[in-house]
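Chains as they are written, first to last, in the numbering used here: chain A, 1 to 165; chain B, 1 to 153; chain C, 1 to 277.
I should point out that these hints are in silico values taken from the structure, not numbers from a laboratory. Everything numeric in this text was worked out from a predicted model, so none of it was measured. Keep in mind that the hints are not guaranteed to be accurate.
Claimed, not checked - With beta-carbon atoms standing in for the labels, derived distance ranges:
#1 A:147 x C:33: 55 to 61 angstroms
#2 C:76 x B:71: 18 to 24 angstroms
#3 A:102 x C:178: 55 to 61 angstroms
#4 B:29 x C:207: 52 to 58 angstroms
#5 B:33 x C:264: 47 to 53 angstroms
#6 C:216 x B:29: 45 to 51 angstroms
#7 C:35 x B:141: 55 to 61 angstroms
#8 B:135 x A:119: 25 to 31 angstroms
#9 C:194 x B:143: 28 to 34 angstroms
Said to hold, decoys possible - Okay, the calculated bits of chain C under chain A, using three or more residues with CB under 8 angstroms as the criterion:
#10 110-116
#11 187-196
We put the beta carbon where it would ideally sit given N, CA and C, even for glycine.
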Amino acid sequence: MRTISKLTLAVAALILTGTTLQAQTNNASITATASVQTPINVIGAQQLNFGNVFPGVNKTVAASDLTNGGRFDVTGQASTPVTLSFTLPATLSSGANTMPIVSYTGIYALLATQAGGVAFTPASGATPTLSGTGNLFVWVGAQVQPATNQAAGVYTGSVTMTVVY
Amino acid sequence: MKRVLLLTLVTLIGGRLHSQGKPLVITGVRGVTFGTVLPGVPTVVLRTDPVNSGQFNIKGPKGGPAVLSFVLPLTMTGPAGAVMSLTFGSSDAGYSATQSIGSQVGFDPKQPFTVAIPNNGTASVFVGATVNPAANQRAGAYTATIIFTVTYL
Amino acid sequence: MKRALILAAALALGTASLAAQGVMVAPHAVFIDHRVRSGSVLLYNPGTEPVEVTISTLFGYPVTDSTGAIGLRTVDAPDSTLPSALAWIQAFPRRLTVGPRERQTVRLLARPPAGLADGEYWVRLMIAAQAGRVPITGAGDTTAIQVGLTLEVRTIIGVNYRKGAVSTGVTLSNVRAQVLGDSLVTWSKLERRGNAAFIGTVRETLVDSTGAVRTTYNSPLGVYFTMQPRLATALAAPLPRGRYWLRYELVTEREDLDPAVLLKAPAVRDSVQLVVP
């Protein structure tokens, strides 16, 4: 009886020791990587809107017109000087028919409200600086001159703003 | 009776000592790669992304339960000490008993997860995450370390 | 009848609100190592409509005019006296469409001529994005005059290719400062040294006679040859009468570029006094 008890105790001790050794733990690590790159973002935010146009009646949209003026938004690094240039159509076309578009005007400002805006002539370009938050807003206006016998149709053209960053 | 008891105990001891002979090895196979990140634009890497997701391989004693856990960073660190928010969703980790990215059981890497390691002792864990760059996030390279721990029960 | 015709001709025009269209371009300056000979630009469309993009290259570098305004001088056919990479850096693809919330990568591949000397070579990348079309309405009315204008935006960024030993630096001279209206205006002359463009930041600090800082201004700047930039910053409040010092410093640090792409050079500094009457 005594022998069995000693043996049982010894085996029990071994079993208990074996249970502790069973719990293995190990670990490893990996790295997460990313490369942040500051973009330049130029968008055509609002079209130049002439509203109703009547034959023989010139229609002007001023660059100061926040609702109807064409607007470009530029976003980039704060306080960066940029150069703006424009390609402006002289006529709009509808098939073989054309309509003059003249007297382009421009305003650039650091706020979407045009507060503190600077007037410029789009044909000559401009050299503004982005705001302290990296923003710039550019408005363009013009005048269309439909003839008294202007043919009906859809007259289109393209206004291009180039930003050198 | 005494002999049966003795043989049973020896078998138990022998079995556990045998399993202790095979080490547990965890390997970091691949990091989580976000690539180009734009300020203000959150970028997501899915745990099922075969190129950009993180991967750990497990190789150890066959069979048995194990607990998987992570030490997850809250941010990535970049130039001049800049930090960028890093988050892990409730299904951004995946366990695969077949070591196949196409066959995973998703789990929350923020919580310990108990699995059954297959008899061949090998398995894999895949990791995804989301970075949330600020609108004025400074440009440059950002890194963070993800630690993965396996505990055999 | 005339009135009826006029009314009939009243235009229902394409004035429906057009969602903003364009693409983000990142990085806004690309630096290619000769050992790799390739680079990339990421385009991201944050809008809800696809954007058509065309890519082209040109040679140019920033200069200043007589007023100090910064512009891009372009050269159609740069000769060997100019460090041009125009002939041997190509962008692929040249035309692509970037879907809503999509990213696309434009690859830049370089095939420099054999025996190219160590140094930095430049090209400009133009990314033109069709910013959406005017949705013309009332098309069923054939007597209407409808007017629509497509907006297109073009972004020009710099690509600098570096081979071998490259170095940069800048000399600073002729620093002037003046308060004009509600702005602090500065002028300087910057001449690039070394064989690579100086890519860095102008840091201006205005201090008063007690040494207190009244305003600071940082502007990213790239000096490729010689420039005489005029920089202006709005003052938060009118400055009291008195003497001030402007500290003008150029450093090769940028928050908008990966530090790994910036060539280091010693900072250059100067100070000038200005008087607010």
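Here is what the structure says about each hint:
no.: 1; hint: A:147 x C:33: 55 to 61 angstroms; verdict: holds, 59 angstroms
no.: 2; hint: C:76 x B:71: 18 to 24 angstroms; verdict: violated, 58 angstroms
no.: 3; hint: A:102 x C:178: 55 to 61 angstroms; verdict: violated, 38 angstroms
no.: 4; hint: B:29 x C:207: 52 to 58 angstroms; verdict: holds, 56 angstroms
no.: 5; hint: B:33 x C:264: 47 to 53 angstroms; verdict: violated, 28 angstroms
no.: 6; hint: C:216 x B:29: 45 to 51 angstroms; verdict: holds, 48 angstroms
no.: 7; hint: C:35 x B:141: 55 to 61 angstroms; verdict: violated, 18 angstroms
no.: 8; hint: B:135 x A:119: 25 to 31 angstroms; verdict: holds, 30 angstroms
no.: 9; hint: C:194 x B:143: 28 to 34 angstroms; verdict: holds, 31 angstroms
no.: 10; hint: 110-116; verdict: violated (count 0)
no.: 11; hint: 187-196; verdict: violated (count 0)
Consistency with the previously given hints fails for numbers 2, 3, 5, 7, 10, 11, ordered from lowest to highest.
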